[in-house]
Amino acid sequence: MRTADRSSLVAEAIPVAAAIGVFGVVYGATAAAVIGPGMAVTSSLLLFSGAAQYTMVGLVDAGAAPTAVLLAVALLGLRHLPLAAVVLPRLDLSRGARALLGLVLLDETAGLALASPRPPARTMAVVGAAAYAAWVGGTLAGVLGADLLAAASVAEVVFVVLFVGLAALTCRAPADAARAAAAAAGSALLLLALPSAGALGAIAVAVACAATVARRRR
Amino acid sequence: MTWVLLLAVALLTAASRVLPMTLLPVPRGRAAAVLDALPAPLFASLAVLALLPDGQAPSAPVLLAAAGALLGALRRSLLVVLACGLGGFLLGAGLTS
Numbered sequence: 001m002r003t004a005d006r007s008s009l010v011a012e013a014i015p016v017a018a019a020i021g022v023f024g025v026v027y028g029a030t031a032a033a034v035i036g037p038g039m040a041v042t043s044s045l046l047l048f049s050g051a052a053q054y055t056m057v058g059l060v061d062a063g064a065a066p067t068a069v070l071l072a073v074a075l076l077g078l079r080h081l082p083l084a085a086v087v088l089p090r091l092d093l094s095r096g097a098r099a100l101l102g103l104v105l106l107d108e109t110a111g112l113a114l115a116s117p118r119p120p121a122r123t124m125a126v127v128g129a130a131a132y133a134a135w136v137g138g139t140l141a142g143v144l145g146a147d148l149l150a151a152a153s154v155a156e157v158v159f160v161v162l163f164v165g166l167a168a169l170t171c172r173a174p175a176d177a178a179r180a181a182a183a184a185a186g187s188a189l190l191l192l193a194l195p196s197a198g199a200l201g202a203i204a205v206a207v208a209c210a211a212t213v214a215r216r217r218r
Numbered sequence: 219m220t221w222v223l224l225l226a227v228a229l230l231t232a233a234s235r236v237l238p239m240t241l242l243p244v245p246r247g248r249a250a251a252v253l254d255a256l257p258a259p260l261f262a263s264l265a266v267l268a269l270l271p272d273g274q275a276p277s278a279p280v281l282l283a284a285a286g287a288l289l290g291a292l293r294r295s296l297l298v299v300l301a302c303g304l305g306g307f308l309l310g311a312g313l314t315s
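Those protein sequence lines, which keep their order, are chains A and B.
In terms of the numbering used here, the first sequence opens at residue 1 and continues consecutively.
In terms of the numbering used here, the second sequence opens at residue 219 and continues consecutively.
Please keep in mind that the hints were generated in silico from the structure rather than gathered at the bench.
Computed from a predicted model, the values in this text were never measured in an experiment.
Where hints are given, some of them may not hold.
[Unchecked claim] Which residues of chain B face chain A? A few of them, derived with a C-beta cut under 10 Å, are:
1) Ala228
2) Pro257
3) Gly303
4) Gly312
5) Leu313
We put the CB at the ideal spot given by N, CA and C, even for glycine.
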């Protein structure tokens, strides 16, 4: 990889790693109080999934049974299906390499892989490694007592900003922007009327918007 | 919380990532067209999901952060989007404090 390519790929990874690191600090501080410092850091090393880890800690804190924790995490894992389906056509890799890359399959890595002009597999690998380091480092900082209040106030906003940026970067034509606006409006209506619809409901709205416009194209 | 439960959750999470990446067929035809159109709506929906946690209306600083991010998105650089978003958040926090 040329030096210019490498530095611009690193520049793309920085905002993602920064956002994930902030959330890691909040997770580390929160989880250490519930499951202990050792298990909090180990969970970040092994899971690398904010949604699954926050859910796990929240349910454990609420006294839920292990089967409830496993069911909730399994349902959250369903969001990886559309992500993989979107990324796969752009990856010309062996099954083994796809499995390895799957370990860093996140909304953010998939988004940058789709938006970046660089090879998607390389983008996913570099951004995924940076995000993993930030998540584990952030968790460790949170466990060690980083300023939770400051991190929590920034964490409230970083993913909103990050996903707005990824939506904008993946718009290649005005029609993409129209679909994104429709999905945002539909998701807002759904989540305000039925908050329990959550991530799966929002993903369903996005799929419906993409499918409707594709039908019109024919 | 036991180490066995943590390992089981870790295995489930890894499987939910690796299995679709290895077993899903590469989409063709109409499915490919829909998936090609999916990224922008998907990330827009996820932005709204982050904006409305538990269906609660966002605070003014968070709304200003989203507006700043949208403005920054015109430059098509994630770093600029993040800077504009955080700028909007700080502006909102300053105005409401």
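Tested hints:
1. Ala228: Result: holds, 4 Å to nearest chain A Cβ.
2. Pro257: OK, holds: proline 257 (chain B) within 10 Å of chain A, min 4 Å.
3. Gly303: Status holds, d = 3 Å.
4. Gly312: 13 Å, violated
5. Leu313: Result: violated, 15 Å to nearest chain A Cβ.
When held up to the earlier numbered hints, the structure conflicts with 4, 5 and fits the remainder.
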